[in-house]
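Those sequence lines, one after another, are chains S and G.
Take the first sequence: its letter number 105 is residue 105 in this note's numbering, and every next letter is one higher.
Heads up, this note's numbering is the position in the second sequence plus 1000, with the first residue counted as 1.
Since the hints were made in silico from the structure, they are not lab data.
Some clues are possibly wrong.
List time: in silico DMTMM-like cross-link candidates among lysine to aspartate or glutamate, alpha-carbon distance up to 25 Å [said to hold, decoys possible]:
{"id": "1", "chain 1": "G", "residue 1": "1001", "chain 2": "S", "residue 2": "38"}
{"id": "2", "chain 1": "G", "residue 1": "1042", "chain 2": "S", "residue 2": "72"}
{"id": "3", "chain 1": "G", "residue 1": "1001", "chain 2": "S", "residue 2": "56"}
{"id": "4", "chain 1": "G", "residue 1": "1042", "chain 2": "S", "residue 2": "73"}
{"id": "5", "chain 1": "G", "residue 1": "1001", "chain 2": "G", "residue 2": "1067"}
Simulated DEER-style distance windows between Cβ atoms [stated by the list, open to error]:
{"id": "6", "chain 1": "S", "residue 1": "97", "chain 2": "G", "residue 2": "1026", "range": "45 to 55 Å"}
{"id": "7", "chain 1": "S", "residue 1": "18", "chain 2": "G", "residue 2": "1055", "range": "41 to 51 Å"}
{"id": "8", "chain 1": "G", "residue 1": "1027", "chain 2": "S", "residue 2": "57", "range": "34 to 44 Å"}
{"id": "9", "chain 1": "G", "residue 1": "1056", "chain 2": "S", "residue 2": "97", "range": "14 to 24 Å"}
{"id": "10", "chain 1": "S", "residue 1": "27", "chain 2": "G", "residue 2": "1015", "range": "27 to 37 Å"}
{"id": "11", "chain 1": "S", "residue 1": "86", "chain 2": "G", "residue 2": "1026", "range": "23 to 33 Å"}
Quick reminder that beta carbons are idealized off the backbone N, C-alpha and C, glycines included.
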Amino acid sequence: NAGVTQTPKFQVLKTGQSMTLQCAQDMNHEYMSWYRQDPGMGLRLIHYSVGAGITDQGEVPNGYNVSRSTTEDFPLRLLSAAPSQTSVYFCASSTFGSNQPQHFGDGTRLSIL
Amino acid sequence: KQEVTQIPAALSVPEGENLVLNCSFTDSAIYNLQWFRQDPGKGLTSLLLIQSSQREQTSGRLNASLDKSSGRSTLYIAASQPGDSATYLCAVSSGSQAGTALIFGKGTTLSVSS
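Here chain S stands alone, though its shape is the one from the complex (with noise of 0.2 Å):
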């Protein structure tokens, strides 16, 4: 099973320039998000959905955009990549439940210059 798949592993960009970081689940799973993870900041949640067609807001949304027009998928997007957005990029899913655990990709290394 490929599980959560996360691409590119790794990327350098200039400011102001826009990407789109890809994240795909074989697990017919509901539920998927996106995290950032900084240095003594931990992991916050940038965006979620909880099924095709339907996002929301988490704790740092802004600078980014998602869609979600399949179960599989949920891309984020960089509209205009500013240097307070180098990062770790996690991508998570699961199935709803309180006894289901989330499943991470290897995460999407982002550096802005």
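For this one, chain S is given, so just place chain G on it according to the hints.
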């Protein structure tokens, strides 16, 4: 606002020692608490999940307990090994739907020397 704190931030022990990692949270209204392991440059691996109605979960040398009323959880690692060296993250789920948004602690970085 839910806040999760992990103590200590770092821990170094010799191989074979039993150890306890601590996690505390401010709002007892949670669906579950999860412990994750993160190796350098890698993603998060779920170790144990404790539902709010449970008191503990065990997997091999790992045992996690939950005291929801006091807002505390502990992860007990028995007979530690160098391969246990990693960062351990505690996270609580207290979103509007069960099993959704996680609030993370900043982690405890464990180093086990041989």
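Taking 27 to 37 Å as the stated bounds, is the beta-carbon spacing between residue 27 of chain S and residue 1015 of chain G within them?
holds, 36 Å
Restraint status (C-alpha distance of residue 1042 of chain G to residue 73 of chain S at most 25 Å)
Roughly 21 Å between the alpha carbons, so the hint for residue 1042 of chain G and residue 73 of chain S holds.
Verify the proposed pairing of residue 1001 of chain G with residue 38 of chain S, using a straight-line Cα cut of 25 Å.
Measuring from Cα to Cα gives roughly 20 Å; hence the hint holds.
Does the beta carbon distance between residue 86 of chain S and residue 1026 of chain G stay inside 23 to 33 Å, or does it fall outside?
Between residue 86 of chain S and residue 1026 of chain G, where Cβ atoms are some 29 Å apart, the hint holds.
Determine whether the Cβ-Cβ distance between residue 1056 of chain G and residue 97 of chain S falls within the hinted range of 14 to 24 Å.
holds, 19 Å
Hint check: residue 1001 of chain G vs residue 1067 of chain G, CA-CA at most 25 Å. Holds or violated?
The hint holds at about 19 Å.
Straight-line alpha-carbon gap residue 1042 of chain G to residue 72 of chain S, limit 25 Å:
holds, 22 Å
Residue 97 of chain S versus residue 1026 of chain G beta-carbon gap, inside 45 to 55 Å or not:
violated, 24 Å
Quick one, are residue 1001 of chain G and residue 56 of chain S close enough, alpha carbons at most 25 Å?
Holds, at roughly 18 Å.
May I ask you to test the hint 34 to 44 Å on the CB atoms belonging to residue 1027 of chain G and residue 57 of chain S?
The hint (34 to 44 Å, Cβ to Cβ) is violated, given that residue 1027 of chain G and residue 57 of chain S are roughly 20 Å apart.
Cβ distance range 41 to 51 Å for residue 18 of chain S and residue 1055 of chain G, holds or violated:
holds, 48 Å
Hint compliance for this structure: hints 6, 8 are broken, all remaining hints hold.
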